[in-house]
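Chemist: Turn these sequences into a full structure, and let the hints guide you.
In case you want the letters, here they are:
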Amino acid sequence: MTEPFEDVVRVHGGTVLRVCRAVLGARDAEDAWSETFLAALRAWPDLPVGTNVEAWLVTVARRKAIDEVRRRARHAVPVDDPGATGTPLVAPDAGPGSRDLDLWHAVGALPGKQRRVVVLHHLGGLPYAEVAALVGGTDAAARRAGADGVAALRRTYDGWRTEEGTA
Amino acid sequence: MTTQITERGTGGGAGDDRVLRDLHARLVDSAQTAGLLDVTYRVVDTPVGRLLVAAGERGVLRVAFDVQGHEAALEELAARVSPRVLEGGRRLDPVLRELDEYFAGARRAFDVAVDLRLVAGFRRQVVAALPTVAYGTTASYTEVAGVAGSPRAARAVGTACARNPVPVLLPCHRVVCAGGSPGRYAGGAAAKGTLLELERRGVTG
Chain A
-8 MTEPFEDVVR
2 VHGGTVLRVC
12 RAVLGARDAE
22 DAWSETFLAA
32 LRAWPDLPVG
42 TNVEAWLVTV
52 ARRKAIDEVR
62 RRARHAVPVD
72 DPGATGTPLV
82 APDAGPGSRD
92 LDLWHAVGAL
102 PGKQRRVVVL
112 HHLGGLPYAE
122 VAALVGGTDA
132 AARRAGADGV
142 AALRRTYDGW
152 RTEEGTA
Chain R
100 MTTQITERGT
110 GGGAGDDRVL
120 RDLHARLVDS
130 AQTAGLLDVT
140 YRVVDTPVGR
150 LLVAAGERGV
160 LRVAFDVQGH
170 EAALEELAAR
180 VSPRVLEGGR
190 RLDPVLRELD
200 EYFAGARRAF
210 DVAVDLRLVA
220 GFRRQVVAAL
230 PTVAYGTTAS
240 YTEVAGVAGS
250 PRAARAVGTA
260 CARNPVPVLL
270 PCHRVVCAGG
280 SPGRYAGGAA
290 AKGTLLELER
300 RGVTG
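Top to bottom, those sequences are chains A and R. So for the first sequence, my numbering puts the first residue at -8; every next one is plus one. So for the second sequence, my numbering puts the first residue at 100; every next one is plus one.
A hint or two may mislead.
[Stated by the list, open to error] If the Cβ cut is set under 8 Å, some of the chain R residues that face chain A in the computed set are:
no.	residue
1	D115
2	L119
3	H123
4	A130
5	A133
6	V142
7	V143
8	T145
9	A171
10	L173
11	A177
12	V180
13	S181
14	V184
15	E186
[Claimed, not checked] To be clear about the criterion: a stretch of chain A counts as covered by chain R if any three or more of its residues have a C-beta under 8 Å from a C-beta of chain R, and this derived list gives those stretches:
no.	stretch
16	-4 to 8
17	131 to 138
By construction, these hints were calculated from the structure, which means they are not laboratory data. All figures in this text were calculated on a predicted structure; none of them were measured in a lab. By construction, the Cβ of each residue, glycine as well, lies at the ideal position given by its N, Cα and C atoms.
Modeler: Dropping the structure here:
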């Protein structure tokens, strides 16, 4: 990417904070926010042009927040995956350049509102009420856009996988 | 320092703005510590309008007038130096202090390091030679061409001055037309007049 990173912090800082808070409490959320943006700053020059920056950041934030939950859980009782909430659409290590690139493209190809709702709810773990506050409109509308988005993803993604399987 | 966010999922607003400001400041500090603060900038009010001042690890890279477009200056820095650009941080304290002193008439030369990587070739020779024109004086484009080693390149000196990446610090405002008229200036003719007048008073006062 060749855009000044300052713009990224200004545009997406609030969303990343909400994602971190959705997984952690307010105080730990701030540490996760810091780790997210420091990691993003490090990776920024090598991030391919055209990457969906919000989706990328939300995924990094969620991973950092879950790492933090794991770290704290390790001090108590070891469990396999204490941080996972809901059903992730993308594996925790997915991101630009990983093998799930097809899904990233599919998410990026969704219409604007569906894309943001899918990213914030399914990747970011935000409840629909908070998603609605970010994208505008009612909770119900956000829920509907999310369902439509996932349905569209199933269609395109399954289509691609079938093609691959038969090739 | 941290505002009270007791509830998860509150709509945000002023409290979040403050949290985000603190987090931004923390990010700039940790980026500096981690060696990731490739370019840092601030925008300051001066008698010649709002100036953007940007520095890398080796020195001041850019001073840009409002009329030149701060966004465009930042985009150029991101594309040509590094996109790891953040606002704020302590690195700019020395140059901003020197600029304050200069605009107050209390400083005649700048001591901070300047990084001229945004300019190359003859233009770089020209801007590097600008401090030979002393505070409170002026030189013609032809005279500066001579100092830069190409007496006939007055026109190229004009271009080099117009593209000076660090105006004020490297004083292209002291280069004027042979007839004595101030000539053009990247920050606008009024800014050039303000700087020359400031220095005249600094010399006589």
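Chemist: Regarding the hint that A177 (chain R) lies at the interface with chain A, is the smallest CB-CB distance below 8 Å?
Modeler: holds (4 Å)
Chemist: Go through the hint on A133 (chain R) and say holds or violated, using the shortest Cβ distance to chain A against 8 Å.
Modeler: holds (7 Å)
Chemist: At a threshold of 8 Å, is the proposed contact between A130 (chain R) and chain A supported by beta-carbon distances?
Modeler: holds (6 Å)
Chemist: Let's test the interface hint: is any C-beta of chain A closer than 8 Å to that of V142 (chain R)?
Modeler: violated (11 Å)
Chemist: Can we keep the S181 (chain R) interface hint, with Cβ of chain A closer than 8 Å?
Modeler: This hint holds: S181 (chain R) lies near chain A, its Cβ roughly 6 Å from the closest one there, short of 8 Å.
Chemist: Is the hint on V184 (chain R) kept, meaning its closest Cβ partner in chain A is under 8 Å away?
Modeler: Check passed: Cβ of V184 (chain R) comes within 4 Å of chain A, closer than 8 Å.
Chemist: So is the stretch -4 to 8 of chain A in contact with chain R by the C-beta rule, three or more residues under 8 Å, or is the coverage claim wrong?
Modeler: holds (count 6)
Chemist: Quick check on the hint: L173 (chain R) CB to chain A CB, less than 8 Å?
Modeler: Holds - the Cβ of L173 (chain R) comes within 8 Å of chain A, reaching about 5 Å at its closest.
Chemist: Does the nearest C-beta of chain A fall within a distance shorter than 8 Å of the C-beta of V180 (chain R)?
Modeler: violated (10 Å)
Chemist: Between the stretch 131 to 138 of chain A and chain R, are there enough contacts, at least three residues with CB-CB distance under 8 Å, for the coverage claim to hold?
Modeler: Answer violated; 0 residues pass the 8 Å Cβ test.
Chemist: Quick one, is the D115 (chain R) hint okay against chain A at 8 Å, beta carbons?
Modeler: holds (6 Å)
Chemist: Is the shortest C-beta separation between T145 (chain R) and chain A less than 8 Å?
Modeler: Hint violated; T145 (chain R) Cβ to chain A Cβ min 21 Å, cut 8 Å.
Of the hints listed earlier, those the structure fails to meet are numbers 6, 7, 8, 9, 12 and 17, in rising order.
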